[in-house]
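Same order as they appear, the protein sequences are chains A and B. Going by my numbering, the letters in the first sequence line up with residues 1 to 397, in that order. Going by my numbering, the letters in the second sequence line up with residues 1001 to 1247, in that order.
If you're looking for bench data, these hints aren't it; they were derived computationally from the structure. Do not take every clue at face value.
Stated by the list, open to error - When the alpha-carbon atoms are kept at most 20 Å apart in a straight line, the in silico SDA-like pairs for lysine to any residue are as follows:
#1 B:K1125 - A:K388
#2 A:K388 - B:R1089
#3 B:K1125 - A:T322
#4 B:K1125 - A:S3
#5 A:K254 - B:K1125
What the hints assert, rightly or not - One-sided excerpt, in silico: chain B residues whose CB lies under 10 Å from chain A:
#6 K1058
#7 G1061
#8 A1068
#9 L1175
Fair warning: this is a prediction, and the values are worked out from it, not measured in the lab. Glycine residues also receive a C-beta, built at the ideal position from the N, C-alpha and C atoms.
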Amino acid sequence: MISLAGRDILHAWSRFVLTGMGLGLLIGVTLSMAGIYRGMVDDAGALLDNSGADLWVVQKDTQGPYAESSSLRDDVVHSVRGMPGVARAANVTYFTMQVARGARDVRAMVVGFEPGLPGAPGELIAGRRITRSHYEAVADVKTGFAVGDTIRIRRHDYTVVGLTRRTVSSGGDPMVFIPLKDAQEAQFLKDNDAIVNERARNAANPALNRPGLPGLLEAVTDAQSSNHNVNAVLVQIAPGLDAEAVAEPIRRWKHLTVFTRAQMEEILVAKLIATSARQIGMFLVILAVVSAAIVAFIIYTMTLGKIREIAVLKLIGTRNRTIAGMILQQALGLGLIGFMVGKTAATLWAPIFPKYVLLLPGDALRGFVVVMAICALASLMAIRAALKVDPAAAIGG
Amino acid sequence: MTHATTAGHGIRIEGLRKRYGEGDTAVDALKDVNMQVAPGEVVGLIGPSGSGKSTLLKCLGAVIEPTAGRMILGEQTIYDNGWKTPDLRALRRDHIGFVFQAPYLIPFLNVTDNVALLPMLAGQKNAIARERARELLAALDVAHRAEAQPSELSGGEQQRVAIARALANQPPVILADEPTAPLDSERALAVIRILNQMAAQYRTAIIVVTHDEKIIPTFRRIYHIRDGKTHEEAGEGRAIDLAPAHA
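Full structure from sequences and hints, please.
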C-alpha cells in the first residue's frame, strides 16, 4: 500500500515546509527555554565547582553567601582552620556590581579571594595568576576584558592579568577576581564626600569627641571607614572525611551556619532559581499549547480542504484507519520537520544568547517525543472530522 | 454497444423502497424500484430532480440502507430487507465501481496510482496493482499520461482515468452519476462510447444516471424514475462513432 500521507506531503511540499518552518521556530524557542533553564542549573554547578569548597561557613541563620547576604568577621577563618577535619579554609567576598569597561558597564560578580586557597580562580585560559596584593584582577572571558585591560571598581583601577572561562554567578554574571583586601574595601568603600561628612558628624558629636578621652574620635572614625567582614569562609575538608561530620562541630561550637555541597546545591537550584524555573516551565507549557494549536489548526484546515477526496476514498472502500493514519502521519511529518528546524535554529542561536544556553541531547530527545505526542494529539480533531465524512457526500452532490 | 442479456451476473433490484423519517414527516423517496442490468449492458436512469435518482444510487452504492426490497449483485444477494454482508466498505471496494459527475481523482496521486489505489486497498501488491492500472489506462487510451498528476490532465482524460479507477477491481456493476455533465457533446458521447466498450470488454453492468439529453438517445434500455418508482422503456440505442482522441 502506498503512503497516502507521504504523497500528499510531496504534493503540497511547499506549504508543508513553510508551515513546518514556522512551527520549527516555535519549537526552537521552546528548546532554547529549556536550554536556558539547564544553563542556569549548570551555572549554579559551575559556581560551586569553581569555589573549590566542600563546606560553606556563613553567618548564622542565613542561607548565604549566594542566596542571601551573609557577613562574618574575617578572623573567623582562623578558628575554622582549627576545627577537626578542616584541611584548608579561606575568606571570600562576593558582590555583584556594574564594572566599568570603557564607556560601557559590564555586570559582574566581584570575588575577593585569598590566592592559593579555596575561592581562587581555577584554570586560566590566558595570562597569569594574581601575584600582587592589590589592583590586579582575573576576569572571566565573558566580561569582554582582555589581558592588560584596566577595570574600574569603585575608585580604583585594576589591571586584568589573567582570564578564566565558565566562572559565573548563579545568575550567570561573569566573575572578576580581585585580592580579598581590595574586595573588602570595595564592598564597603564610601566616597570621599561621605567620609568627610562622617568625620564632621563624629567631630560634632559630644559623645564621641570628648576632650578628656584623646584618641576616641580617631578610633571611631577608623572603625567606620574600614571593613573586616567577609561573606563566607570556604572550607576544604581532609580527604576521606564526611562533609557533614566536619560541618556539625563548626555549627555547634562556632555558632555559625555551615552548608555542605549537597545543601548548597539545594539552595541554588531548588530555591534561588526556583522562580525562574517555574517561569520557564510556564513558558514551556504555553509554547506547547500554542504549538499544539498551530498543528491542530493546520492539519484541520488541510483535512477540511480534502473533504471531497476523503468522501471518495471512503466510498471506494478505504478503511477509516487508513484515513486516520494518513492524517496522523501528516501531523507527525509536520512535527518532524518542525523539530528538525527547531533543533537547528536553537543550536545556531544558542551562542548569541547573553545567558548560557545548555542544549542537552536528552532534552532534545524528550522534546522530540513531546512534539510528536503533541502533533498526534493535535491531529485528533482533524481525524474526527474526516471520520465523520459521509461517503454518500461523493454521490449526487 | 453490447446487447442486453438478463441472465447471469449483473445487478437485479426487486421492490426496493426507501423511507426517510418516521410518522407524519416520513417521506418515501423510493416506493417500488425494480431494475435488472445484465453484464456488459449500459442502461440509462433518468428522471426529474427529486424523483429519487440520487437516493437510488446511494442505495445501490451501499452508502445508505434501503427500507425494504432486495438487491442481487452478480450471484450474491447483498440486500434482502437488510444488508446481507457486514462489511459494506469491502462490498463497495470489491463489487461496485463509481464514476462521478466530476472525476474526483485523488489530487496527490499520479494517474497510475489513482487507478491502482483500489486494488491496493483490496490487498494486492503494489506492483500487481500498478500493472492492472496500466492495462486499464491503455484500454482507455490514456496510458501516455500514466505518470501525470490529475491536475495536468484535460477534463476528458480525467474522466477516462476515473472510469479506469471504477474498473480497477473488476466489479460486476459500475454506477455512473452524471458522468457527462461537465462535458461538451462530443466529449460526452466519447465517454458513453468508452463506457459501452468497457462494459463489453469487462462484462460489467453499468447504470448511468443522467439528465443529459445528448447521451440519452445512445441507451438501448432506459429506466425512468418518477415519484420513487421505475418504469422501463426501450431507448433509441443510437450508434456512437467517434475517434478515441475526442474524449
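- Item | Straight-line alpha-carbon gap A:K388 to B:R1089, limit 20 Å | 15 Å, holds
- Query: Should the hint that B:L1175 touches chain A count as held when the rule is a Cβ pair under 10 Å?
  - Reply: Holds. Min distance 8 Å.
- 20 Å limit on alpha-carbon distance, applied to hinted pair A:K254 and B:K1125: 84 Å, violated
- Given B:A1068 was flagged as interface, is its beta-carbon under 10 Å from a beta-carbon of chain A? Check failed: Cβ of B:A1068 comes no nearer than 19 Å to chain A, outside 10 Å.
- Quick one, is the B:G1061 hint okay against chain A at 10 Å, beta carbons? With a closest approach of 6 Å, the B:G1061 hint holds.
- Distance restraint between B:K1125 and A:T322, which requires alpha-carbon spacing of 20 Å or less: 16 Å, holds
- Message: Against the 20 Å threshold, does the CA-CA distance of B:K1125 and A:S3 hold or violate the hint?
- Response: Roughly 13 Å separates the two Cα atoms, so the pair holds.
- Message: So if I understand the rule, the pair passes when the alpha-carbon distance is 20 Å or less; does B:K1125 with A:K388 pass?
- Response: 29 Å, violated
- Status of the hint placing B:K1058 at chain A (closest C-beta pair under 10 Å): 5 Å, holds
Comparing the model with each numbered hint stated earlier shows that hints 1, 5 and 8 do not hold.
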